[in-house]
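Colleague: Produce the entire structure from the sequences given, and follow the hints as far as they go.
Protein chains in written order, with our numbering: chain A, 204 to 449; chain B, 2 to 482.
If you are wondering where the hints come from, they were derived from the structure by calculation, not from laboratory data.
Just to be clear, a hint being listed does not mean it is correct.
Lysine-lysine pairs mimicking DSSO-like chemistry, simulated, CA-CA at most 30 Å apart [unchecked claim]: (1) Lys-281(A) to Lys-343(B); (2) Lys-214(B) to Lys-301(B); (3) Lys-218(B) to Lys-343(B); (4) Lys-49(B) to Lys-214(B); (5) Lys-432(A) to Lys-343(B); (6) Lys-343(B) to Lys-447(A); (7) Lys-224(A) to Lys-383(A); (8) Lys-224(A) to Lys-432(A); (9) Lys-26(B) to Lys-120(B); (10) Lys-426(A) to Lys-343(B); (11) Lys-468(B) to Lys-26(B); (12) Lys-120(B) to Lys-468(B).
Among chain A residues calculated to face chain B with C-beta under 10 Å, some are [unchecked claim]: (13) Arg-271; (14) Phe-305; (15) Cys-333; (16) Tyr-335; (17) Gly-365; (18) His-378; (19) Gln-381; (20) Ala-384; (21) Lys-385.
Beta carbons are placed, not taken as given, at the ideal position from N, Cα and C, and that holds for glycine.
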Amino acid sequence: MVTLADLKISEVKMGEEQTGKWGMVIDQDICTGCQACVAACAMENNVIFVGEEDAGYGRSMHWIRIERFWEGEYPEVKMTSNQPMLCQQCGHATCEPVCPAFATVHSQSEQLNLQVYNRCVGTRYCANNCPYQVRSFNWRDYERPEPLSNQLNPDVTVRRRGVMEKCTFCIQRIHKAQDKAKAEGREVVDGEFTTACAQACPANAIVFGRVDDPESLVSQLGKQAHGVKHLEELGTLPNVTYFKGG
Amino acid sequence: MAEKNNHAEHAAVGHAHTAEHFREKHLMLDPLPRGQMNDMVMESMMEKPTWKFWVVASILAAIVAYGLFYSWGKMIAEGLGIAGVNRPSYWGIFLVNTVFWIGISHAGTFISAILRVFKAEFRRPFTRAAELMTTFGLVQAGFSIFMHMGRVWLSYWLMPYPNQRLLWPNLHSPLTWDLLAITTYLLSSTMYLFLPLIPDVAMARDRSTGWRKTFYKTLALGFRGTEGEWTHLRNGMNIFAFAIIPVMFSVHTIVSWDFAAATRPGWSSTIFGPYFIVGALHSGMGAAVAVLAVIRATMKHMKYFIRGEHFDAIGQLMLIISMAWAYFFFNDYMVQWYGGDKWTHQLLHFHEAGPMGWMWFGMLICNIVIPWAILWNAKWRATPWLVATVGIIINVGMWFERYIIVPISLSINRMPFTWRLYQPGVEIPLGIGTLAFFILLYMIASKLIPLIPVWEVQEGQMAHELKKFGRETVVSVSELE
Chain A
204 MVTLADLKIS
214 EVKMGEEQTG
224 KWGMVIDQDI
234 CTGCQACVAA
244 CAMENNVIFV
254 GEEDAGYGRS
264 MHWIRIERFW
274 EGEYPEVKMT
284 SNQPMLCQQC
294 GHATCEPVCP
304 AFATVHSQSE
314 QLNLQVYNRC
324 VGTRYCANNC
334 PYQVRSFNWR
344 DYERPEPLSN
354 QLNPDVTVRR
364 RGVMEKCTFC
374 IQRIHKAQDK
384 AKAEGREVVD
394 GEFTTACAQA
404 CPANAIVFGR
414 VDDPESLVSQ
424 LGKQAHGVKH
434 LEELGTLPNV
444 TYFKGG
Chain B
2 MAEKNNHAEH
12 AAVGHAHTAE
22 HFREKHLMLD
32 PLPRGQMNDM
42 VMESMMEKPT
52 WKFWVVASIL
62 AAIVAYGLFY
72 SWGKMIAEGL
82 GIAGVNRPSY
92 WGIFLVNTVF
102 WIGISHAGTF
112 ISAILRVFKA
122 EFRRPFTRAA
132 ELMTTFGLVQ
142 AGFSIFMHMG
152 RVWLSYWLMP
162 YPNQRLLWPN
172 LHSPLTWDLL
182 AITTYLLSST
192 MYLFLPLIPD
202 VAMARDRSTG
212 WRKTFYKTLA
222 LGFRGTEGEW
232 THLRNGMNIF
242 AFAIIPVMFS
252 VHTIVSWDFA
262 AATRPGWSST
272 IFGPYFIVGA
282 LHSGMGAAVA
292 VLAVIRATMK
302 HMKYFIRGEH
312 FDAIGQLMLI
322 ISMAWAYFFF
332 NDYMVQWYGG
342 DKWTHQLLHF
352 HEAGPMGWMW
362 FGMLICNIVI
372 PWAILWNAKW
382 RATPWLVATV
392 GIIINVGMWF
402 ERYIIVPISL
412 SINRMPFTWR
422 LYQPGVEIPL
432 GIGTLAFFIL
442 LYMIASKLIP
452 LIPVWEVQEG
462 QMAHELKKFG
472 RETVVSVSEL
482 E
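Modeller: Here it is as structure tokens:
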């Protein structure tokens, strides 16, 4: 029996060097599908409400969405699970190499996929190539009616038409926490801050933290055997772990 | 002799090999005095446009003004929301049309460069018509690809130009390769259109007055037809003819990489490069034959230059290319099916049995069944309107093929929650606008530059000779270079 070792071929390990820094754990078993995370994300990140018509045609802009799955035909329908889907902040992202303008790039310090709105020319190749389909495109300049226009988050850029956008893991909160920790001469403590979606989740189904810190809650939870990473077979090295049927 | 109308009857093989028969059938064996032929081409170009010409031209201009410029302007002002693209079909008819027009542009290079390099004599009267298709088709491809950008006013960011922010285009992205390849192809095909045009505009310069004289004088670059000028011109054309062939192959391969390099079921197929090239030639030959039939029917003296033999020859090529396309289609389908990926299986099933399944079967009928059913017959092949109809049907089929690859394949992905069909919006007037613009450019060109490369026809006629061996008449062709 010839083994790989005999042939002196090392096993291919895709992107092993990319460990990731920030990560998330989502427990689908306790997710109630209440969409509080969707609303919180939109408020935190200035994500626009596109209106009924455009949303019905597949142009809703959500950085996180709740996917509902069911089994069977009506009327014997059984809801199986709710699956919050957001940018998986891949270590080896398929959206990054295809952008002709370097508008979607990998952050070396945060290990996140960044979208540079100012650099985006709107070829939408990244969205085609995202296996998770979590990117949102600004199809128009949507209106923000009066009270909504007063609640924009000043820490987040407002995007205009023709630009791609997606979940950033609330990078403005990451930076704020890091700046505060640096001013106080310490490291960011686990649980010191969290993303808007995790903060809003009434069931605590979303946990956010450092995945490169083995002591953090997100790392501890991530070690559970029934955790899965979506479409891992594509070699995208996602940083979000899902629990289902635990 | 010059106005023979009914070549189709004589195109069938098996006639007695008499000298008259040869002359009637083959342009190369039916020489006219050079002066007369020059005058014929000049007349066909300078002929006063009829009222029909003006009516067609104004309708096309109106379509271009509304479909292309007004609709595009509106889309720039309001955003891509007025088009039909959505999640998950982020690319719609814009990309379908880009691939379609680049495909059309391949016929020009194929006919004029490959047939020239291989010394196929039947190419001579219609190389110019095909080269014009290349250049004008690429213009429409450019329109289509710029239209689909979300912020087209920043499209210059995709050009590698030095800037103070030290930002360059991403050379990992197939779209950057695309931009470079299409630009190279547009520039080289324009130069390749221009070089063989020089002797003809010089001929036109010597036979015209007024603004036309100034126009041709500028274009002819002082060409007088000396031995030295011809040598330089021939060298130049030779270099371009050989150099443009790999450019042509690379362009459509790179266009296919936009899809093949992506991580999507139905797109990441290793056979896409040659499959796209054959598809491009398929639609390109179909378009070329349709253009030739229109030129022959509408312009003066063209029945002398473009004959049944030419439709017969292109018809044979179309049949072979149709077979090659069928082979690559089967090959692509088979490797995807045997790949065993469940998403790909899902997608292949969606192609055939989904709501747009009629398009999948329509593609096969237009691209395989109809060409095979008609083009096998030599007599039918020599009938211009019939071959032209097949050519247009093939183009419909090839458009379907691109539609299946782009928006239909995008409707299905690995996230079933996002599956959704695509409905075109402003893409339709924009697409019709590019088609109208292509035809309009062609109509204008037919009044401005000689569509028949006269010198090339005359050169061929000088090389061909009818000789008698006993009672048999045979054709002899002398080596020219």
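Colleague: Run through the hints listed earlier and report the numbers of any the structure violates, in increasing order.
Modeller: 3, 18, 19, 20, 21
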